[in-house]
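> Just so you know, we're using full-length UniProt numbering here: the sequence shown kicks off at 1 and counts up by one.
Mixed in with the good hints, there may be bad ones.
[Said to hold, decoys possible] Pair ranges (Cβ atoms, derived):
{"id": "1", "residue 1": "F276", "residue 2": "F670", "range": "57 to 63 angstroms"}
{"id": "2", "residue 1": "F313", "residue 2": "Q537", "range": "39 to 45 angstroms"}
{"id": "3", "residue 1": "Q609", "residue 2": "T669", "range": "39 to 45 angstroms"}
{"id": "4", "residue 1": "F374", "residue 2": "F36", "range": "27 to 33 angstroms"}
{"id": "5", "residue 1": "F374", "residue 2": "R651", "range": "18 to 24 angstroms"}
{"id": "6", "residue 1": "F313", "residue 2": "F374", "range": "23 to 29 angstroms"}
Because the hints were derived from the structure by calculation, they are not lab data.
By construction, the Cβ of each residue, glycine as well, lies at the ideal position given by its N, Cα and C atoms.
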Amino acid sequence: MINPKRSKSAVTTLLKDYNLRFGARFRIAIYLFLTFVLFFTLVGTVLPERYDLSAGQVSQVTIRAPIDAVDTYATQAARQAAAALVPPRYDINPATEQDALAALDRLFNAVNIVRGEPTLSPDTAVTQVRQSAPRKLPSAVIAALLQMPPSELTVVSSDAVRIVQQLLQASFSARDMERASLIVDQQLVTLQVDEQLRVIIGQIVLSVLQPNLVYNEVLTQEARLAAERSVPDVWINRGDVIVRRGQLITPTMMSELQDLKLLKTQPDYGIYIGFFFFIALLVLATAAFIQLRSLRISRDNVYLLLYSIVIIFSAGLILLAKSAVDVGVPPDISYALPIAMASMMLAMFFGSSLAVLSSLLLSILTSAAFGFEFQHFFTPLIGALGAVMAMTRVQHRSVFMRAGFLTALLNACTIIVMHFILTSTDSGLHELAFEVIYGIVGGLLSSVLTIGLMPFLETAFGVVTHMGLLELANPNHPLLRRLLLEAPGTYHHSLIVGNLAESAAEAIGADPLICRVGAYYHDVGKMKRPLFFVENQVSGENPHDKVSPNLSYLIITSHVTDGLKMLEEYKLPAPVRDICAEHHGTTVLWYFYNKAVEEDKHHTPDVDQYRYPGPRPQSKEAAIVMMCDAVEASVRSMGKPTPQRIEALIRKIMKDRLQDGQLDQCDITFKDLERMVEAFMRTLQGIYHERIEYPDPAKIVDNHSKG
């Protein structure tokens with residue numbers, strides 16, 4: 001996993017300055033950088049490109065609807081059409097009936113009065129009745145009324161009143177007036193009178209009939225509004241072509257462009273401000289999570305910069321997919337987005353908790369880019385969470401493909417479920433098939449991109465993953481093979497330190513794999529002068545007896561700097577190099593200091609002249625290896641190690657390191673130290689347990705023969 005052609009990452013070299021790499025100000029600057037880059041990358045997906053167009057102009061581009069929107073013009077036209085179909089609403093005016101009956105009453109009263117004056121000539125009698133009769137009543141009818149017997153007049157009067165009441169107590173419109181003769185004739189048919197009287201009654205009724213409906217504007221408007229409300233919105237569907245290149249723009253097209261907010265009018269600053277704060281809140285929530293969980297990324301800005309690059313790269317993929325949709329690619333292409341790639345990488349670099357949070361973050365951004373649609377949030381989220389779950393135990397590279405297949409399967413299942421939830425029918429199965437294919441492609445593409453980009457990111461940022469550490473822990477690694485052949489004692493010492501460090505790291509929540517690999521390589525510098533270190537002195541001769549204490553000090557301490565050079569030569573990652581540099585801290589080589597005091601009794605050397613150059617451990621992992629290195633060497637030198645003596649020795653070493661300030665710069669606690677003691681005891685008792693001394697078989701045979 002580690003690029004063998006670089007000894008230091010470009011980013012780590014850039015951040016050599018302590019304040020840059022670990023400073024709070026630069027960390028805040030990275031968060032601000034992430035916020036602004038995400039904003040400027042994705043704001044175009046939320047607020048699409050706008051056009052300076054007008055009706056009558058020829059369009060130079062093809063414009064498609066970036067979102068679903070209500071077509072205001074078409075909706076308004078449909079509602080107006082529905083309202084126009086609503087007939088006017090009328091009320092029956094009771095005064096119309098009253099006026100008609102009053103007219104009949106005046107008519108028959110006048111007839112009766114004139115009939116009581118026999119001296120009047122017929123013409124004079126008609127003239128006098130005419131003054132009280134309806135204007136439309138013919139004079140011949142009046143003359144007939146004056147001449148008919150009283151019994152017939154009574155029948156005519158009552159039948160006329162009854163017909164008028166029947167007609168005007170119901171609705172009688174102006175259209176009914178146009179066919180009033182027919183309507184009255186239908187009423188006359190039922191009368192039990194002769195034909196001549198029917199004609200007279202009909203003429204009388206027609207003379208007083210008037211439409212009795214009054215237009216009700218309020219009811220009419222309410223009915224038309226109800227009709228308008230019953231018409232559903234007419235929608236412009238995302239992807240619909242609004243204007244084609246070379247097409248003349250019509251007012252209808254302008255209305256649709258206005259509905260889609262694609263016209264350059266006044267800038268909508270509200271959307272910009274709202275989306276910026278939306279991004280800022282997401283980044284702030286992520287930063288709070290990182291700080292509260294005290295992840296390494298919260299202290300090392302190189303790791304934070306790596307995290308930001310992964311998130312920004314994923315945002316770029318979201319922008320790419322949205323841009324493809326804007327130029328006519330089906331919106332389903334969003335399911336092919338390899339969002340799970342970021343989840344896989346972040347799970348490898350920083351662990352599952354941050355990977356899960358980032359999966360949620362990227363799913364929200366994907367949903368925002370595609371109109372905050374339900375399916376564009378849950379589909380990438382479920383797939384990404386599956387990828388994180390698959391990356392929990394990484395033992396070999398095939399885990400990436402396993403994660404890709406799991407993501408593809410979850411994508412497909414989620415797409416199918418979302419399809420039936422949102423459509424509730426079995427329609428669109430052809431479209432569903434393509435969506436499933438896109439989802440499978442997205443899952444597999446995530447694993448392919450992860451495999452391709454991981455080595456580059458590891459090298460560029462100088463970080464190490466569990467996969468890379470497992471490769472470094474392989475005994476066949478060239479540097480470990482050299483250590484075994486050139487300094488076998490140191491090699492076996494390193495293996496035991498590795499076992500101790502791994503068990504201690506598991507006990508206190510540190511990274512066991514980094515501790516084990518760091519322990520394997522922490523003493524590789526001893527290969528340069530292996531015989532100057534006691535674990536490699538098989539003949540019993542000690543070269544330090546022939547050199548001065550000061551030279552011995554220089555030889556012993558140089559194994560740290562020599563080791564760092566070897567680790568850089570073999571391109572080992574920064575965490576392993578840090579453990580090599582820090583595993584002795586600034587401890588004192590008391591053996592050679594005391595030897596120098598004995599050799600020069602007139603001049604006492606400064607104790608600081610016999611300290612390791614440091615630095616002191618900066619992490620729990622480096623502190624663990626420091627303790628394990630000292631404990632293993634001390635216990636190995638014991639004549640008869642017992643559990644009590646071993647525990648006492650461990651506690652003394654820890655006390656000395658604490659009092660010397662060696663643990664002041666790492667976040668290890670007293671509770672951690674107590675747990676480390678327990679872990680050391682479990683491991684060391686298995687290594688240095690008491691053995692039963694079996695008698696020599698030759699002596700047994702000899703004694704038996706003598707007996």
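> Hint by hint, say whether it matches the structure.
Hints and how they fare:
no., hint, verdict
1, F276 - F670: 57 to 63 angstroms, "violated (46 angstroms)"
2, F313 - Q537: 39 to 45 angstroms, "violated (53 angstroms)"
3, Q609 - T669: 39 to 45 angstroms, "violated (32 angstroms)"
4, F374 - F36: 27 to 33 angstroms, "holds (29 angstroms)"
5, F374 - R651: 18 to 24 angstroms, "violated (60 angstroms)"
6, F313 - F374: 23 to 29 angstroms, "holds (26 angstroms)"
The structure fails hints 1, 2, 3, 5 (numbered hints given earlier, in ascending order).
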